[in-house]
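Participant: These protein sequence lines map, in sequence, to chains A and B.
What the first sequence shows, in full-length UniProt numbering, is residues 1 to 353, in sequence order.
What the second sequence shows, in full-length UniProt numbering, is residues 1 to 342, in sequence order.
Since the hints were derived computationally from the structure, they do not count as laboratory data.
One or more of the hints may lead you astray.
In silico SDA-like links for lysine to any residue, alpha-carbon gap of 25 Å or less [to be verified]:
1) Lys94/A with Ile189/B
2) Lys254/B with Arg98/A
3) Lys254/B with Thr113/A
4) Lys94/A with His132/A
Take a look, some chain A residues computed to stay more than 10 Å from chain B by CB distance [stated by the list, open to error]:
5) Ser61
6) Lys138
7) Asp197
Just so it is clear, CB atoms sit at the ideal spot from N, CA and C, and this is done for glycine as well.
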Amino acid sequence: MSVEFVEPPYVDSGEPVISARDVRVWYGTTRGAIRAVDGVSFDLAPGETLGLVGESGCGKSTLGRGLMGLLPQGAKRDGEVWFKGREILGMKAKDNYRLRGHELGMIFQEPLTRLNPLMRISDHFEESIKQHDPGATKDAIRARALEALRLMGIPPTRYRSYPHEFSGGMRQRLMIALALVLRPSFVVADEPTTALDVLVEAQIVQILNDLRRNFHTSLLLITHNVGIVAEACDRVAVMYAGRIVEQGRVTDVFENPQHPYTRELLRSTISLNTTGLNFIPGSPPDLVDPPDGCRFHPRCPDAMAVCATKNPVTLDRVGGGRVECWLVGPHEQIPPGGTQPLKQEELAVADEA
Amino acid sequence: MTRSASGSLPRYILQRTLLVIPMIWVILTLVFFVLRVAPGDPVSAALGGKLDDEALDQRRAALGFDRPLIEQYWDYLSSVARLDFGTTFSDNQSVLHVVRDNGGATLSLTIVAFIIALMVGVPLGLVAGRYRDSLPDVLIRLFGILSYAAPIFFVGFLLQAYLAKPLGLPTSGMATPQTIFNVEEHTHILLIDVFLNGNSIYIEDVLKHLILPATTLGLLICGVFIRLVRVNILQTMQSDYVEAAEARGLARRKVTWRHAFRNALVPVITVIGLQFALLLGGAVLTESTFNWPGLGQKLVDYINDRDYGAVQGIITIFAVAVVLISLLVDIVNALIDPRVRY
Numbered sequence: 001m002s003v004e005f006v007e008p009p010y011v012d013s014g015e016p017v018i019s020a021r022d023v024r025v026w027y028g029t030t031r032g033a034i035r036a037v038d039g040v041s042f043d044l045a046p047g048e049t050l051g052l053v054g055e056s057g058c059g060k061s062t063l064g065r066g067l068m069g070l071l072p073q074g075a076k077r078d079g080e081v082w083f084k085g086r087e088i089l090g091m092k093a094k095d096n097y098r099l100r101g102h103e104l105g106m107i108f109q110e111p112l113t114r115l116n117p118l119m120r121i122s123d124h125f126e127e128s129i130k131q132h133d134p135g136a137t138k139d140a141i142r143a144r145a146l147e148a149l150r151l152m153g154i155p156p157t158r159y160r161s162y163p164h165e166f167s168g169g170m171r172q173r174l175m176i177a178l179a180l181v182l183r184p185s186f187v188v189a190d191e192p193t194t195a196l197d198v199l200v201e202a203q204i205v206q207i208l209n210d211l212r213r214n215f216h217t218s219l220l221l222i223t224h225n226v227g228i229v230a231e232a233c234d235r236v237a238v239m240y241a242g243r244i245v246e247q248g249r250v251t252d253v254f255e256n257p258q259h260p261y262t263r264e265l266l267r268s269t270i271s272l273n274t275t276g277l278n279f280i281p282g283s284p285p286d287l288v289d290p291p292d293g294c295r296f297h298p299r300c301p302d303a304m305a306v307c308a309t310k311n312p313v314t315l316d317r318v319g320g321g322r323v324e325c326w327l328v329g330p331h332e333q334i335p336p337g338g339t340q341p342l343k344q345e346e347l348a349v350a351d352e353a
Numbered sequence: 001m002t003r004s005a006s007g008s009l010p011r012y013i014l015q016r017t018l019l020v021i022p023m024i025w026v027i028l029t030l031v032f033f034v035l036r037v038a039p040g041d042p043v044s045a046a047l048g049g050k051l052d053d054e055a056l057d058q059r060r061a062a063l064g065f066d067r068p069l070i071e072q073y074w075d076y077l078s079s080v081a082r083l084d085f086g087t088t089f090s091d092n093q094s095v096l097h098v099v100r101d102n103g104g105a106t107l108s109l110t111i112v113a114f115i116i117a118l119m120v121g122v123p124l125g126l127v128a129g130r131y132r133d134s135l136p137d138v139l140i141r142l143f144g145i146l147s148y149a150a151p152i153f154f155v156g157f158l159l160q161a162y163l164a165k166p167l168g169l170p171t172s173g174m175a176t177p178q179t180i181f182n183v184e185e186h187t188h189i190l191l192i193d194v195f196l197n198g199n200s201i202y203i204e205d206v207l208k209h210l211i212l213p214a215t216t217l218g219l220l221i222c223g224v225f226i227r228l229v230r231v232n233i234l235q236t237m238q239s240d241y242v243e244a245a246e247a248r249g250l251a252r253r254k255v256t257w258r259h260a261f262r263n264a265l266v267p268v269i270t271v272i273g274l275q276f277a278l279l280l281g282g283a284v285l286t287e288s289t290f291n292w293p294g295l296g297q298k299l300v301d302y303i304n305d306r307d308y309g310a311v312q313g314i315i316t317i318f319a320v321a322v323v324l325i326s327l328l329v330d331i332v333n334a335l336i337d338p339r340v341r342y
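Go ahead and model the full structure; you've got the sequences and the hints to work with.
Facilitator: Given below as structure tokens:
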């Protein structure tokens with residue numbers, strides 16, 4: 001794998017575009033707070049793509065929306081997110097809103113319902129560009145919009161069409177064009193290919209791959225498809241039950257996963273060589289009342305006694321990145337007898353389902 | 001190329017207009033046979049017990065009720081096609097004239113009531129939906145339920161009792177006899193004729209007479225609009241495209257107006273059409289409360305007289321009007337919503 005040694009292009013400085021520190025998001029419910037994101041930290045350099053993977057319900061989308069400020073009512077955010085030298089979680093909602101579009105962009109999971117059915121594509125572009133560049137002339141707007149469409153492979157003849165006249169894949173490309181025409185520095189793409197078929201998926205992945213070259217955008221790519229991460233991302237963060245359990249360069253992490261969850265997740269991926277299906281028994285924990293110690297220990301095949309009692313410590317990975325797992329260390333903090341294999345409770349049938 | 005892809009509007013309108021013909025035929029057939037299926041015949045219903053059998057038979061023959069049903073049916077269809085809606089049995093008038101003379105009153109009452117309902121109901125619904133569960137929302141919802149649930153004659157009575165005196169508004173009829181006598185007939189719609197006449201005294205008189213009945217009827221309909229608009233706003237405010245517009249940093253005001261409100265009003269148009277059709281024949285209670293010489297009132301009179309000729313003719317005209325209104329609604333919908341054009 002020669003890719004390993006190729007530096008991601010266009011990373012011009014060490015200064016991250018966005019840097020999250022101990023970000024937390026809660027949803028208030030009658031049962032108590034759901035801690036959907038619980039102490040997440042990462043950095044994203046200009047033009048870099050970070051893949052965020054994990055199974056459903058582990059807080060990936062919540063994290064993406066939390067960064068955008070698009071959380072539903074009743075959700076609370078905490079921690080720090082530095083964007084171009086400004087802290088955005090603590091700023092007034094109004095100022096945060098102003099960043100959206102031309103600084104922070106978002107691409108959604110369901111392209112079919114994300115465009116206003118009563119408005120032409122041209123109207124969508126015009127209102128978005130006008131919002132952030134009130135002085136733009138109609139011709140300039142048109143030129144910018146058509147250029148963005150061209151990069152997405154949509155012919156200019158479709159500029160005046162209505163959303164329902166496009167296929168799902170085209171609508172997702174429209175959504176990407178609509179987000180990128182505003183030239184945001186940071187884009188959250190929340191499972192942008194989940195609703196699309198594989199051929200279209202490949203197309204979209206290619207487009208996202210080209211983003212760095214064409215728009216120099218930093219991308220947080222949320223997905224549960226490990227293959228997409230391998231193709232389109234520079235770095236990967238593996239999320240489990242509201243925490244990033246391992247992150248680092250894609251090649252490093254995928255070739256040498258150090259967290260058992262990363263390893264099991266990779267093993268569960270289906271490819272042409274797959275002979276038997278592999279899965280991780282059980283399901284992610286209840287985030288109102290997560291298990292003590294490491295949150296993965298009830299499902300972890302390598303769990304030790306210490307995992308059920310003490311929170312794992314975040315360590316630097318060998319070869320860059322970070323991981324939090326007692327198997328990696330720090331060994332001096334494991335109490336005596338802590339390395340004994342943990343006797344796993346039998347998984348109830350209900351949990352399996 | 002794009003034009004054909006977005007569905008041709010003229011072609012849609014043409015297709016939709018052609019569809020009116022079979023629709024009207026089905027409705028006419030229904031009207032004809034439903035009235036015939038009812039037990040007894042018009043003559044014995046109206047005059048049974050008052051005349052002997054022979055005299056009744058004579059009357060039936062005179063009205064053509066002794067002929068085979070299929071022949072009567074054909075006569076009915078062909079006369080409707082010639083815009084001949086028959087004559088009333090009780091006072092031997094052309095149904096078309098009855099509808100023309102009384103329909104104008106109903107039409108002006110209905111239209112003004114609609115304007116009031118839309119002007120009150122839509123903004124209130126928008127506010128209630130936009131600021132869900134706030135105090136204004138609670139109050140507006142309460143108002144909507146009350147105005148919809150309160151019986152018309154009760155609301156009409158309240159307005160007559162508490163508003164008429166202090167505001168100096170008349171409580172009965174369309175105008176003072178003087179006005180009716182002096183305003184010459186052009187359109188058979190007093191509200192229009194009085195403006196054609198141009199005398200401000202008469203205009204004021206007619207408008208004053210209109211306020212209470214139109215408000216009463218308008219309040220009833222505005223309850224429907226409040227609830228409908230509110231529910232639609234709640235839906236569109238949570239829709240994916242509204243969130244996407246917010247994610248693009250579009251000003252909240254624009255998101256609310258261009259994305260949420262506009263889309264929420266589309267179903268309202270359909271309901272406007274339905275309600276309007278309903279009201280053409282259904283303003284009876286308002287008309288009788290305010291002694292308004294409208295068609296609903298007239299229809300009730302004819303039904304009480306067992307005047308089948310009048311009932312059949314008036315219902316036929318209503319039916320045609322409903323079909324035409326639904327055509328209009330569909331065309332307006334197609335103009336607004338491109339997805340309809342297919």
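Participant: State for each hint whether it applies.
Facilitator: We went through each hint and held it up to the structure:
no.	hint	in the structure
1	Lys94/A with Ile189/B	54 Å, violated
2	Lys254/B with Arg98/A	14 Å, holds
3	Lys254/B with Thr113/A	19 Å, holds
4	Lys94/A with His132/A	15 Å, holds
5	Ser61	12 Å, holds
6	Lys138	17 Å, holds
7	Asp197	20 Å, holds
Taken one by one, the earlier hints fail for this structure only at number 1.
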